[in-house]
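In the order they appear, the protein sequences are chains A and B.
Residue numbering for the first sequence follows the working numbering, beginning at 126 and increasing consecutively.
Residue numbering for the second sequence follows the working numbering, beginning at 126 and increasing consecutively.
Hints may be right or wrong, so weigh each one.
Since the list can't tell identical chains apart, any single copy or any two copies may satisfy a pair.
The list that follows gives simulated cross-link-like pairs (lysine to any residue, SDA-like), each with its CA atoms no further than 20 Å apart [to be verified]:
no., residue 1, residue 2
1, Lys206, Glu237
2, Lys215, Glu238
3, Lys128, Glu153
4, Lys316, Asn295
5, Lys215, Leu503
6, Lys206, Ser239
7, Lys293, Leu172
8, Lys215, Asn255
Please keep in mind that the hints were generated in silico from the structure rather than gathered at the bench.
Number of protein chains: 2
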Amino acid sequence: MKKVYLDTNATTKPYPEVVEEMLPFFKEAYGNASSIYGFGRTAKKGLETARERVRKLIGAEFADEIVFTSGGTESDNCAIKQILRTSTNKGKHIITTCVEHKAVLNTCRYLEESGVRVTYLNVDEYGRINLEELEKSIAADTVLISVMSANNETGTLMPIEEVGIIAKKNNILFHTDAVQLIGKMPFDVKKSGADLVSISAHKINGPKGVGALFVKRGTPLTPYFHGGYQERGLRAGTENVPGIVGFGKACEMTASRLDENREKIGALKKLLYEGIKRSIKDIKLNGDPEKCLPNTLNVSFAYIEGEAIVLNLDAEGIAVSTGSACTSGSSDPSYVLKNMKVGPLFIQGAIRFSLGVFTSREDIDCVIEKLPRIIEKLRNISPVN
Amino acid sequence: MKKVYLDTNATTKPYPEVVEEMLPFFKEAYGNASSIYGFGRTAKKGLETARERVRKLIGAEFADEIVFTSGGTESDNCAIKQILRTSTNKGKHIITTCVEHKAVLNTCRYLEESGVRVTYLNVDEYGRINLEELEKSIAADTVLISVMSANNETGTLMPIEEVGIIAKKNNILFHTDAVQLIGKMPFDVKKSGADLVSISAHKINGPKGVGALFVKRGTPLTPYFHGGYQERGLRAGTENVPGIVGFGKACEMTASRLDENREKIGALKKLLYEGIKRSIKDIKLNGDPEKCLPNTLNVSFAYIEGEAIVLNLDAEGIAVSTGSACTSGSSDPSYVLKNMKVGPLFIQGAIRFSLGVFTSREDIDCVIEKLPRIIEKLRNISPVN
């Protein structure tokens, strides 16, 4: 059976070149990057090449602003918790949004237990924050603003450059979880105005278990992992050299094909949406139709459950999701859509199609061919139809 | 030039079978383990096979007592910080040792800044703690004892079963950093009496960037990473499926060859030590000559600097270290040896030879052949000789 993978916002298939680049670091260059002898120096060189490639992808000024982590969740935890810890004299207030990834939201909830105040900004029907509400939320003790670059469920872009300007004007540090935007659209860390940026390798056709935190020079970040002096003391633990090398290669390849892939993927998404609209009635597009990631299409199908659609598509070899993989297992409707005030008719039947660099025209045709019959079948047996 | 790698306590070469087992999870089974469709279920199955293999290696009763992490440092940070956080009502006192790995020591130092009291147990000339001192250190508010299973620099074994008994008797949780012992000697988590055990994959011929924390059922551990519901809510973040799969394979292979490798490696270490003793005078064995890891030989060479020996051996293709890779970059003498009261004649010239499953008789012969001339050369130019 033909396999169609349309869940790249959950994870992506590594580029074959990424795997190739990693292999020597498993097989021969297996040294500890902190060791001073030859094996160690080769590993260290691999790390620094990767660091430079990450730097280039996000337009950072200095390679030492890139700290390697085990992924986006660690980067988010580190940025938010450590800034709050170092800022105890200055204040204990964070501003974030109600549609952040769980790695940000649950970190904030955890901090609330220890007395940190958190403002969760509302979003409009497209899932975007209001900048006036942001400005009004700023208090004397606000130490951090954390706003995602693009939403993982809907693809809606947040106005992060404007957030960066507001943060700077008010002398507040700005963190953005850019895990979903980086690699899909141009991202310039300098333009973003962010002091801290979370990045993940496995969302850009790199390996799982690796990520980075951009830390602008001068940002008062303390280590989240204590131990050895790796990453200039900012992140202890033997470096995951093969993973980091693969991450670097993924960054390099992503950067070199960004415009081309963006255009190709955007056209396929348009095709998919038009195909769905043409053949299925009572649907709703979730997220901003314009200011949106080029690869993400979130559509609700009235009267039915998203999970049933996912399982039926899976039986046809097509992988999509109802929302974030990090919230699967829960049968609650998406908090992102809830906060966008998606009504009862549509909130249960949301499907996120997320396309990637390996998505083909045939993949889209396959979905357009099979989806209408599945929706029809499910609607026929639905008690609410 | 022949390459001789005798620094397996820093990191190891992955078994070729480990890399083979990982590859399909990079190439085809790249799904997110939290996803409910086919790609996700295959990944999830890989995770659970690995979890079962880790469980078996350490003799844990339940697979759900294994929580995957990014490595030993994360496991140590998680165990110590989270137990102290959940125990705030009960107390704020930790007992550990002065020769722990930096991942434990620096975590404890960090906690001291926020009011936690830490007792650092002394060690004897072999680097072993005194159990009476441990018992005397216990206070009404002691919530955690953290004692490593074996020292990474000297290989000295700690009396962890006795520590476990004392901890249990006093109703105190017991954590052991077993990163260096597991895979080199039999380790039975039930016999150890430990509630929390840190494990690393890359020390047992698995990949870097992966590890585990054994968490005995009923241990009140809270998550260190907040976010998605991975690892039953104990460790958020998309699972590093290929890494975890490789870790599992390494555990399986390690378990099946443990006795054989232990014997072989122990014999090679004996050969190495005898060769050194025979041809080089003014040396000192650091660590316990008997109760020691079978693979670790720490020897001091009087009158010279360890780092000079490392670099001269490196020029001959031989990789060894002066101590922990996690403390390299610092020119201070080893705090482990300092705490063992190794005197000024010997403390600067310590070399750790750590053998592994790929170490051959030829490797040892090569060191025995080349080392004496290097030591002689360095001693001839030494200002303190």
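Hints versus structure:
1. In this assembly of identical chains, the alpha carbons of Lys206 and Glu237 lie at most 20 Å apart whether taken from the same copy (11 Å) or from different copies (18 Å).
2. Taking the shortest alpha-carbon separations for Lys215 and Glu238, both the intra-copy value of 19 Å and the inter-copy value of 18 Å come in at or below 20 Å.
3. Taking CA atoms no more than 20 Å apart as the test, Lys128 paired with Glu153 passes between copies only; the shortest distance there is 11 Å, against 34 Å inside one copy.
4. In the homo-oligomer, the alpha carbons of Lys316 and Asn295 lie at most 20 Å apart inside one protomer (17 Å), although the nearest pairing across protomers, at 57 Å, exceeds that limit.
5. Taking the closest pair of Cα atoms, Lys215 and Leu503 never come within 20 Å of each other, the shortest separation being 55 Å inside a single copy and 54 Å across copies.
6. For the identical chains of this complex, Lys206 and Ser239 are neighbours both inside a copy (11 Å) and across copies (15 Å), given an alpha-carbon limit of 20 Å.
7. Proximity of Lys293 to Leu172 under the C-alpha cut-off of 20 Å is found in neither arrangement, the shortest distances being 32 Å within a copy and 43 Å between copies.
8. Taking the shortest alpha-carbon separations for Lys215 and Asn255, neither the intra-copy value of 26 Å nor the inter-copy value of 44 Å comes in at or below 20 Å.
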